[in-house]
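Spelled out, the chains give:
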Amino acid sequence: MELLQFSRGPALTFAIAVFLLGTLWRLIGILMLERRRVDAEARPGTPTPLAAAASGVLAKMWPHKTFLKSSLFSVLNGYVFHIGLAISVLLFAPHVLFVKSLLGISWPALPSNVVLAVAVITAGSLLASLVHRLTNPVQRLISRIDDYVSWAVTFLPVLTGIAAVAHIGGRYETLLAVHILTVCAFLIWFPFGKLMHAFLFVLSRGTTAIRFKQRGAEV
Amino acid sequence: MNEPATLGEALSRRGISRRAFLKYSAYLASVMALPASASQAIAQGLAKARRQSVIWLSFQECTGCTESITRSSSPTLEDLIFDLISLDYHHTLMSVSGDAAEHAREAAMKENKGKYIVVVDGSVPLKDDGIYSTIAGITNLQMLKDTVKDAAAVVAVGSCAAFGGIPHARPNPTGAASITDIVKDKPVINIPGCPPIPEAMTGTLAYILSFGKLPELDHLARPKAFFGETIHDRCYRRPFYDKGLFAESFDDEGARKGYCLYKVGCKGPIAYNACATLKWNHGTSFPIQSGHGCLGCSEPHFWDQGGFYKPLAAHAGVSAPLIGAAAVAGAAAGGAAAWIARRHQQRYLAETEAIDRSVGKDKG
Amino acid sequence: MTAQITTSGIPFDAQGQAEESRRRDLAMQAFVRDIAMTNAVQLEACVRCGLCAGACHFFVTTGDPKYTPIRKLRPLEQAYHRHVGPFAPLFRLLGIAPRVTAEELEQWQELIFDSCTLCGRCTLACPMGIDIADLVKQSRHGMFAAGLIPDRLELMDRTTKLWGSPATPAEDFADIIRETGEERGVAMNIDKERADYLVTVAPAELTEHTKALSDAAKVLNKMGYNWTYHSKGFEASNIGYLNGDIELQEKMTRQMIDTAVKIGAHTLILPECGHAYGAARWESARWYGEKVPVRVIHMTEFLDEAVASGKLKLKQINQTASLHDPCQLVRRGGVLAAPRNVMKALGLDLKELADAGAVGWCCGGGGGVVSNKRADPIRYRAFELKRRQVEDANAERFVTACGQCRITLNLGANKYKWDKKVDSLLELVADNLID
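Protein chains in written order, with our numbering: chain R, 1 to 219; chain D, 1 to 364; chain L, 1 to 435.
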């Protein structure tokens, strides 16, 4: 009980503070860098930068057909755990209540046993992504500590969440506290590693799309 | 009239049939989740058990625990067990006896040295030398120490004795402490609850009497038989939780339909107690059945969990100003970092240009 | 200028006599100088999914993970994190900033030059939208500053600085134009003081593809335009763009634009060259310092417009043909329809390759790779991919709109005794004009 109070009180406060501090630091630190003007005459019919960026963000949701074969596993597995994470995080009743307590906004939740099933699939998908990273020569070569830390702080909340709900490996309040602490670890690591792609993917896809759309090229 | 030598003898004198006694033993074995064979062992053990000397101390408490155990609509076997143990001292029940009661306690301690059981309800104030609660001029702390010294075991009844309870709630003006905070050299069994379930109490005593040993305890010294599972896991409303059907308030459609009370603050998932199975008032009902969420009263600090109506999933005191300050600091640091980076880049540019000039490159 | 080998056995070239630490500092400075917000966003966004590898002809044909495109950015990335990134001041303060070593730069020379054609297939495949090809090109700025580029490219760089073109001294240009005109019986315009169209050339057109010079003239004459070649601004290939020599890039850009402005041209026509298009069409404003006051178009776009205007009538070839999409023109330049339109006007029945248009495979020789002898073995392997797709398309002709692609593909064809001749779209048009 003490641990639970610690995890959802001081630990959570600290984690959210680090998350906000680091995320804003990194985002603003990047966005306020010098901007190089692109003065090339855009092709006629170039969409506005915002429209170009938006279409780029959308277009990159699915690979070009020719790349699908070599990227099929990564793409499908990526979708499975991203959607799985979204469902587990956003549509589990206790999580909705947590967000409500924090931000005052709420939305309907899915049945708990449905979320549990989704979480189990998500955990499996995350494990598969780790196995792929360790066995695929390209991914293994380019992986860094960040990749493994980011994986761990994503996987652990899923695992401890499942354990807490299913009463595996400990008492509920202890597992709940550990679950919250792993979420704290996720929040603390988030700004400093690749988890930031949750924000950066929009900027990265967007900037490239603006460049390519003004050339009339595909993104 | 001679004092009956054993419990069995005492019961039969009271006109309790053997059949009723066996029935009780079977019931006890069942609520404590003991194997069926244990029923026979309990019956034999209890029948042969000598009357156990019990000293009941009441400290900072509301008498709710004693009420819970003694006030019943009709006398039951449990009550009789209580009657038939040698309750040599009960502060609350004997308060009218005044000085005589204290002598009875001292006499019992002397007579049953090393064998008597001390039952405590209420917490013990430690602040200012314990002056906030005294009996016959003796502080609770002193009385506890004196009484426990020659005891065989201590049973802390109710959340105040077990964990400090409401007197221990913030800001804890009397410095209230639990029995386990004070008694370190004797076995202590906690039977928390505000109040505890009578069967948990009598069952535990009966177990000790039957088997001559303490029952299996959890990490908070609670008998696992009664505190081994959460209310949530045994709650009849659990299917609604699993289906995602919740009462959003106490008077909405969901509440009327008996949906899960998780969203209105039920602490069932972290409350280890037997309310959902044994229920109260001879199996009539329990709080959730009456439409109110569990308070988690059998858990430490249940009073200080951030509100009975706040969902369990809610954060516990995330500091908005601190987080706001962190956000502002992050934004400022980001701005500063970008400014430093730009200056850094300018300096580098100047340096490279100086190098270019020094090697006389043509700038076109 | 010496060919060397790193301790891990990777060949590299080094120019100049600078100490290793000095080289590293020079590279870092150049990396740092060039990083702007867009690059930062992209350098930060990688999730190491590795999907870029599957798009790269050098990885696909060798299976060697070291060719993974995103990995080629490591030195640039380290410079970024140490000096520009949002946590850079903190990293420097704590002394934990990654620091690229000279050894690493030497090792990376092969990855940044030999095994990258800047084709940008990786960019297209990247789910995060990181423009990897552009960042590799930017990495070359630092490598050039450090004197760590392949000697063959450096030789072209020096020649260009000396001559104004890697192919021939600028003072010979007018003669080459006149001689070619006489040889092929085409009226040439050279160094006219006023003209509406300034026509520029690629190095190969001054040596083996001289027919392109007279073919361009033929088409422009046919259109009746006031055009000229000009000795002061003819070289469009922009070696600086490929080598990471930004001063040379700026110089070559200015020469062309200034000449166009001087003669009052409203349009600058680029030759059949991919990188010329990347450099002049999309990057010239950056080096010119403001919006370029003339219209810059590729020869293919010019032909497309001429055909569309109805003024250019063409004989029908009536054969099947496949098209090799030059990366800089199509994938990175957006000129997808123009070559197809022109082929249609020529009566060529287009048999698209399995991967055509924006996803087309590189010829394997872009980005200076074809000029870099050391890269021959992997370049030929990359050629295999293209050859297979061309054979599968089973067309009578094989056409492209980039001289460098033509050279690369013909080198491949020679090596493998492949009987497919690569046609230039301009030459096909010039050969089939209706009088």
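Hints are supplied without guarantee of correctness; some may be wrong.
Simulated crosslink set (DMTMM-like; lysine to aspartate or glutamate; CA at most 25 Å straight-line) [unchecked claim]:
# : chain 1 : residue 1 : chain 2 : residue 2
1 : L       : K66       : L       : E171
2 : R       : K69       : L       : D355
3 : R       : K100      : D       : E253
4 : D       : K186      : D       : E106
5 : R       : K65       : L       : D376
Because the hints were derived from the structure by calculation, they are not lab data. Fair warning: this is a prediction, and the values are worked out from it, not measured in the lab.
Now for the hints, and whether the structure bears them out:
| no. | hint | result |
| --- | --- | --- |
| 1 | L/K66 / L/E171 | violated (44 Å) |
| 2 | R/K69 / L/D355 | holds (13 Å) |
| 3 | R/K100 / D/E253 | holds (21 Å) |
| 4 | D/K186 / D/E106 | holds (19 Å) |
| 5 | R/K65 / L/D376 | violated (30 Å) |
Checked against the numbered hints above, the structure violates hints 1 and 5; every other hint is satisfied.
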